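**Student:** These protein sequence lines map, in sequence, to chains A and B. Residues 318 to 475 in the numbering used here are what the first sequence lists, from first letter to last. Residues 318 to 475 in the numbering used here are what the second sequence lists, from first letter to last.
These are calculated hints, taken from the structure and not from any lab test. Treat the hints with care, as some may be off.
Remember, identical chains collapse to one label, so a pair may be satisfied in a single copy or spanning two.
[Said to hold, decoys possible] Here are the computed lysine-lysine pairs in the DSBU-like style, where the Cα-Cα straight-line distance is at most 35 Å: (1) Lys463 / Lys366; (2) Lys434 / Lys471; (3) Lys471 / Lys418; (4) Lys343 / Lys437; (5) Lys418 / Lys434; (6) Lys375 / Lys405.
This one's a predicted model, so the numbers in the text were calculated from it and none came from an experiment.
There are 2 protein chains.
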Amino acid sequence: MKFTKIVVAALAVGLTGAAMGQVVGKAEDQIRWRQSAYQTMAWNMTRIKANVEGTYNKDQVVQAANVIQAIATSGMGALFQPDTNAGKGWRETNVKPEFFKPESKDELGKIAGAYIKEAKEMASVAANGDAAAVKAQFGKLGESCKACHDKFRKEEKK
Amino acid sequence: MKFTKIVVAALAVGLTGAAMGQVVGKAEDQIRWRQSAYQTMAWNMTRIKANVEGTYNKDQVVQAANVIQAIATSGMGALFQPDTNAGKGWRETNVKPEFFKPESKDELGKIAGAYIKEAKEMASVAANGDAAAVKAQFGKLGESCKACHDKFRKEEKK
Chain A
318 MKFTKIVVAA
328 LAVGLTGAAM
338 GQVVGKAEDQ
348 IRWRQSAYQT
358 MAWNMTRIKA
368 NVEGTYNKDQ
378 VVQAANVIQA
388 IATSGMGALF
398 QPDTNAGKGW
408 RETNVKPEFF
418 KPESKDELGK
428 IAGAYIKEAK
438 EMASVAANGD
448 AAAVKAQFGK
458 LGESCKACHD
468 KFRKEEKK
Chain B
318 MKFTKIVVAA
328 LAVGLTGAAM
338 GQVVGKAEDQ
348 IRWRQSAYQT
358 MAWNMTRIKA
368 NVEGTYNKDQ
378 VVQAANVIQA
388 IATSGMGALF
398 QPDTNAGKGW
408 RETNVKPEFF
418 KPESKDELGK
428 IAGAYIKEAK
438 EMASVAANGD
448 AAAVKAQFGK
458 LGESCKACHD
468 KFRKEEKK
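Assemble the whole structure, with the sequences as input and the hints as a guide.
**Tutor:** Structural data, given as structure tokens:
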């Protein structure tokens, strides 16, 4: 419990720091940029998966994990300004309206804090661990992504 | 001259390393992922620009520079398999056919090596330098992006 509180507090500091900087982009830019950032992470999750299921290449796993860590700790919250609750970037946003409600703030903080923690750990395990450790951490990171998707993302239309 | 050769040699090693790992995704995935990675860098270039032109927030600049560095060193060459010379990701690819020709390899290596060098330096300057140093390095990094756009990217249709 205490650890969760620390993570949430750290995240709040991070968000405040980002909020003190410039918010950049129109709503359509912010939606396109966040869709791009998630897709860039999806590419790198796919790479890690291919490595743990096929021939393991440590350099490639480190590269992939570093991208995920950098994006996870980039202050992406700034791309979710209130006027981006609907609209189109590359495509219509999949974010649910609940994401922007004040009563979701605490839960979002916990979900984001857990995801940032697992992304940092992924980079650490990629650098120092073996394929089995990477596989285990990949599972934890995927769960931390899914926690937000299940709660705050509309089902994707194919 | 010697330095350029070292950079190109280092890049060649990097590309070989990436090539030894799994190539993931169909052509349409690779195009969408690379478009996403470039847009993610565009977001972060926009953030750095806003910081050097407005109120300077070091944390935000470090976050942004780290994303650019991680993507620049991620082995993105793997997203340019031969069958991605045409086709649609989020939109039709803007890459010129010359990009994929064997005679472009040396020039591409130099351009990519310079861009990776400037992206790493951007992260270092963001962590250790002041706003003026960041502004100067931002200019150099932008030039290294432009070198490839001028040569290998079709003009963007708005």
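**Student:** Are the hints correct? Go through all of them and say.
**Tutor:** Here's how the hints hold up against the structure:
1. Taking identical chains as interchangeable, the C-alpha atoms of Lys463 and Lys366 lie at most 35 Å apart whether they share a chain (16 Å) or sit on different chains (33 Å).
2. Proximity of Lys434 and Lys471 under a CA criterion of 35 Å is satisfied intra-copy only: 24 Å inside one chain copy versus 40 Å between copies.
3. Taking CA atoms no more than 35 Å apart as the test, Lys471 paired with Lys418 passes inside one copy only; the shortest distance there is 16 Å, against 42 Å between copies.
4. For the identical chains of this complex, Lys343 and Lys437 are neighbours both inside a copy (30 Å) and across copies (28 Å), given an alpha-carbon limit of 35 Å.
5. Taking CA atoms no more than 35 Å apart as the test, Lys418 paired with Lys434 passes inside one copy only; the shortest distance there is 24 Å, against 43 Å between copies.
6. Taking CA atoms no more than 35 Å apart as the test, Lys375 paired with Lys405 passes between copies only; the shortest distance there is 31 Å, against 37 Å inside one copy.
No hint from the list above goes unmet by this structure.
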